[in-house]
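Between the sequences and the hints, there should be enough to build the whole structure, so can you do that?
Protein chains: 2
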Amino acid sequence: MEQHKIYLTEQEVPRQWYNIAADIKPLLTPPLDPGTGQPMDPAKLRAIFPESLIEQEISDQRWIDIPEAVLDALLIYRPSPLLRARRLEQYLGTPARIYFKNESNSPSGSHKPNTAIPQAYYNKQAGVKRLTTETGAGQWGSALAFATKHFGLECTVYMVRRSYEQKPFRKSMMNMYGAKLIPSPSDQTAAGRAILAAMPDTPGSLGIAISEAVEDALNHDDARYALGSVLNHVMLHQTIIGLETKKQMAKAGIKPDVLVACAGGGSNFAGLVFPFVPDKLAGAAIRMVAVEPAACPSMTKGVYAYDFGDTGKLTPLMKMYTLGHDFIPPGIHAGGLRYHGMSPLVSALLQAKIIEATARTQLACFEAALLFAQLEGIVPAPESSHAIVAAIDEALKAKKEGQAKDITFLLSGHGHFDMSAYDAYLSGELSDYEYPAEAVAESLKKLPQV
Amino acid sequence: MEQHKIYLTEQEVPRQWYNIAADIKPLLTPPLDPGTGQPMDPAKLRAIFPESLIEQEISDQRWIDIPEAVLDALLIYRPSPLLRARRLEQYLGTPARIYFKNESNSPSGSHKPNTAIPQAYYNKQAGVKRLTTETGAGQWGSALAFATKHFGLECTVYMVRRSYEQKPFRKSMMNMYGAKLIPSPSDQTAAGRAILAAMPDTPGSLGIAISEAVEDALNHDDARYALGSVLNHVMLHQTIIGLETKKQMAKAGIKPDVLVACAGGGSNFAGLVFPFVPDKLAGAAIRMVAVEPAACPSMTKGVYAYDFGDTGKLTPLMKMYTLGHDFIPPGIHAGGLRYHGMSPLVSALLQAKIIEATARTQLACFEAALLFAQLEGIVPAPESSHAIVAAIDEALKAKKEGQAKDITFLLSGHGHFDMSAYDAYLSGELSDYEYPAEAVAESLKKLPQV
Numbered sequence: 331m332e333q334h335k336i337y338l339t340e341q342e343v344p345r346q347w348y349n350i351a352a353d354i355k356p357l358l359t360p361p362l363d364p365g366t367g368q369p370m371d372p373a374k375l376r377a378i379f380p381e382s383l384i385e386q387e388i389s390d391q392r393w394i395d396i397p398e399a400v401l402d403a404l405l406i407y408r409p410s411p412l413l414r415a416r417r418l419e420q421y422l423g424t425p426a427r428i429y430f431k432n433e434s435n436s437p438s439g440s441h442k443p444n445t446a447i448p449q450a451y452y453n454k455q456a457g458v459k460r461l462t463t464e465t466g467a468g469q470w471g472s473a474l475a476f477a478t479k480h481f482g483l484e485c486t487v488y489m490v491r492r493s494y495e496q497k498p499f500r501k502s503m504m505n506m507y508g509a510k511l512i513p514s515p516s517d518q519t520a521a522g523r524a525i526l527a528a529m530p531d532t533p534g535s536l537g538i539a540i541s542e543a544v545e546d547a548l549n550h551d552d553a554r555y556a557l558g559s560v561l562n563h564v565m566l567h568q569t570i571i572g573l574e575t576k577k578q579m580a581k582a583g584i585k586p587d588v589l590v591a592c593a594g595g596g597s598n599f600a601g602l603v604f605p606f607v608p609d610k611l612a613g614a615a616i617r618m619v620a621v622e623p624a625a626c627p628s629m630t631k632g633v634y635a636y637d638f639g640d641t642g643k644l645t646p647l648m649k650m651y652t653l654g655h656d657f658i659p660p661g662i663h664a665g666g667l668r669y670h671g672m673s674p675l676v677s678a679l680l681q682a683k684i685i686e687a688t689a690r691t692q693l694a695c696f697e698a699a700l701l702f703a704q705l706e707g708i709v710p711a712p713e714s715s716h717a718i719v720a721a722i723d724e725a726l727k728a729k730k731e732g733q734a735k736d737i738t739f740l741l742s743g744h745g746h747f748d749m750s751a752y753d754a755y756l757s758g759e760l761s762d763y764e765y766p767a768e769a770v771a772e773s774l775k776k777l778p779q780v
Numbered sequence: 331m332e333q334h335k336i337y338l339t340e341q342e343v344p345r346q347w348y349n350i351a352a353d354i355k356p357l358l359t360p361p362l363d364p365g366t367g368q369p370m371d372p373a374k375l376r377a378i379f380p381e382s383l384i385e386q387e388i389s390d391q392r393w394i395d396i397p398e399a400v401l402d403a404l405l406i407y408r409p410s411p412l413l414r415a416r417r418l419e420q421y422l423g424t425p426a427r428i429y430f431k432n433e434s435n436s437p438s439g440s441h442k443p444n445t446a447i448p449q450a451y452y453n454k455q456a457g458v459k460r461l462t463t464e465t466g467a468g469q470w471g472s473a474l475a476f477a478t479k480h481f482g483l484e485c486t487v488y489m490v491r492r493s494y495e496q497k498p499f500r501k502s503m504m505n506m507y508g509a510k511l512i513p514s515p516s517d518q519t520a521a522g523r524a525i526l527a528a529m530p531d532t533p534g535s536l537g538i539a540i541s542e543a544v545e546d547a548l549n550h551d552d553a554r555y556a557l558g559s560v561l562n563h564v565m566l567h568q569t570i571i572g573l574e575t576k577k578q579m580a581k582a583g584i585k586p587d588v589l590v591a592c593a594g595g596g597s598n599f600a601g602l603v604f605p606f607v608p609d610k611l612a613g614a615a616i617r618m619v620a621v622e623p624a625a626c627p628s629m630t631k632g633v634y635a636y637d638f639g640d641t642g643k644l645t646p647l648m649k650m651y652t653l654g655h656d657f658i659p660p661g662i663h664a665g666g667l668r669y670h671g672m673s674p675l676v677s678a679l680l681q682a683k684i685i686e687a688t689a690r691t692q693l694a695c696f697e698a699a700l701l702f703a704q705l706e707g708i709v710p711a712p713e714s715s716h717a718i719v720a721a722i723d724e725a726l727k728a729k730k731e732g733q734a735k736d737i738t739f740l741l742s743g744h745g746h747f748d749m750s751a752y753d754a755y756l757s758g759e760l761s762d763y764e765y766p767a768e769a770v771a772e773s774l775k776k777l778p779q780v
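From first to last, the protein sequence lines are chains U and V.
If you use this note's numbering, the first sequence corresponds to residues 331 to 780, in order.
If you use this note's numbering, the second sequence corresponds to residues 331 to 780, in order.
These are computed hints drawn from the structure, not numbers from a lab.
Some hints here could point you the wrong way.
Since copy identity is lost for identical chains, a pair holds within one copy or between any two.
List of simulated lysine-lysine pairs, DSBU-like, C-alpha gap at most 30 angstroms [to be verified]:
hint, residue 1, residue 2
1, LYS510, LYS576
2, LYS735, LYS581
3, LYS454, LYS335
4, LYS683, LYS585
5, LYS576, LYS735
Spelled out as structure tokens, the structure:
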């Protein structure tokens, strides 16, 4: 019998993260100080991040050791399995083999604890008492709530109002893990009050919530800020996904042809594909496909430029694909993908054509998600459904071409806290959003001049 | 490094179910025909079950082959891991080793697909077009919805009203898998109408919902009924849990001292412990502890007597521990444990003192569940929390006695669709229920005379 589930032992879980910066130095651009337009002085970041994470953010060391206490906490749920979607293959009638790395069985139901755990650890080591953060769909907030609980820190989560209203039980989970929740924009910060004054009915956005969380950390000496995506050290921590996947593929004799993952800020995509980039740079024919929502298409419709990471312009300027820091994406259910920018590392790879990007509409994603749930027995997060629909498209292309390709996608999380979205889809109430071309054009006019 | 996660390969998944009837024949009692008081003619069951399942219900063959198509569907999510709750051990400071078999990653989030899949398969083979069933917490309804979708059958689920109102997203999941949902008691059946007339505000119960589902099947030639617990063939299908666990323990060199599982109708308990009963009968010192809710304590407060399986008195009489078929349990959140009776096989083992039973209150269960979620990163179903609290008690007893026991409990499911219960617990709004002694006494007066 062919094996369709590829496990690792706990001993096989990687002991080091892979830092892609070591291998793509010519593509990298430094973050800039918005005040001076000059490369940011890392020391200036100390008000929001501990020294150890700043070091990781700017490191060009290829391999970085995972601390023992972090590994121990990761082993609560790692390694994660690599599974073959055999029933989906059969349904599609494709000669392709479809695999998926399943990150949905973590404490918060997604890949987010992979970085929440080290971030909480390094902050605890640095004597920080409380972490502030933003969350969209709630996946990241739940992950950080779990990690801070594990290491004995307090946690304040600014949750995008749209998701706060859509996902009551995400709040319950964060409460279980002892976090304090604030819907964003809120009246607790200057950034939030400014937005509320201008747009009292805004659904909020990750960009706004980031501003509030950063401001909170800046205003409190014993607090620091934690970001769930975009930054280099977050991508670093997520590479454990791809490193495990490579070991699993080696065990099962899989040579990957296509890797697919959704991308909001870029962290699950980076986690899966970065460890394969050296192989590609050495000549391996691996396609790497980042899938974003058509309603918030930073990579396929944005520009590659320096921009702020947040709406309130509190962050350094990062060179990335962006729709402009002022852009508030439509209220799609994939709340984790409602971000105006993209990880600078992922952006650099796209600009260099090492990876590809594609966009999908909401209804197509839910159609694929429902099919996957019925065939493979896992209800995907709306974010992850973007990877599924693109993987299906790749499998159908392989069918047309008669090629038995190995397609691997990342199931970044389950959708157990997104059932109201499925209700809306099943009842026919869900709609696609038009691409907000005008809003993007307006927003892009406000890009900082550097 | 010590291994804390014990996996099986797909090849190691058992190919046969274990039928305990072969090994405890002297303890068995036949179901009785309520009309005659004589042993039930199996042929009379054909209006509600297919022949193949009736054969399994009365079989005394020790091993029964798992059909290839059933195995194939089980492999969507099986084998399930055996995990060590190392952080819980450390927190308790116990010398005991605590393991748990994790059934929470199945398509419906519990052990229920283990029997939903074979039941759907055998009905499909028999030409049945539609299955009717009841569900309490929604775990069983979701599982049967998934299984009927897989094999191409229709599915009608009578969902206990209390759970229907508490768990909106369980309904969403059943809708995703294409089932038709009816809150019970309903006006769709004579049994439901009778209850509604007498008690318009009743929260419903599994006993009532069973009556409705059976009546629906009896009234439609192309429909049959499926039960998620209690019956012998259901216990049989669930033994895959314990058979896997035995293989995992053998691999890791674990000699079980105590096995713990919650018990409503008895199926997850049976699934874990039945395969170990032959070892116990042969002299192994294994304690087997069934944990029931103090609000619905069939084993610790009920009588061992012939009773109906449902409130509407449509089923054969089964000898079991019962609180009386007329008893409607208080509305505890562990909806899957709100059943007046207990599997006849489990009851026979309890009567013979091969297994033990204990009861726990709601608040103690939620306290243990929250601790487990924070330490081990899995939010347990309220049902499963009964097993957790009893396993913790065993581990604390081992600490007091200074004994390094191996305690294994069954995590029958996750609580992602029970978050409103956690909200109630966290906000201090959850209360214990007094043991409903008077209601039980009243109900026991109505036991059938045989």
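Each hint tested on the structure:
In this homomeric assembly, LYS510 and LYS576 never come within 30 angstroms of each other (Cα to Cα): the closest approach is 38 angstroms inside a single copy and 43 angstroms across copies. Proximity of LYS735 to LYS581 under the C-alpha cut-off of 30 angstroms is restricted to the intra-copy arrangement: shortest distance 18 angstroms within a copy versus 35 angstroms between copies. Taking CA atoms no more than 30 angstroms apart as the test, LYS454 paired with LYS335 passes between copies only; the shortest distance there is 28 angstroms, against 36 angstroms inside one copy. Taking the closest pair of Cα atoms, LYS683 and LYS585 come within 30 angstroms of each other only inside a single copy of the chain (21 angstroms); across copies the shortest separation is 56 angstroms, beyond that limit.
For the homomeric pair LYS576 and LYS735, the shortest alpha-carbon distance inside one copy (17 angstroms) is at most 30 angstroms, but the shortest distance between copies (38 angstroms) is not.
The earlier numbered hint that this structure contradicts is number 1, and it is the only one.
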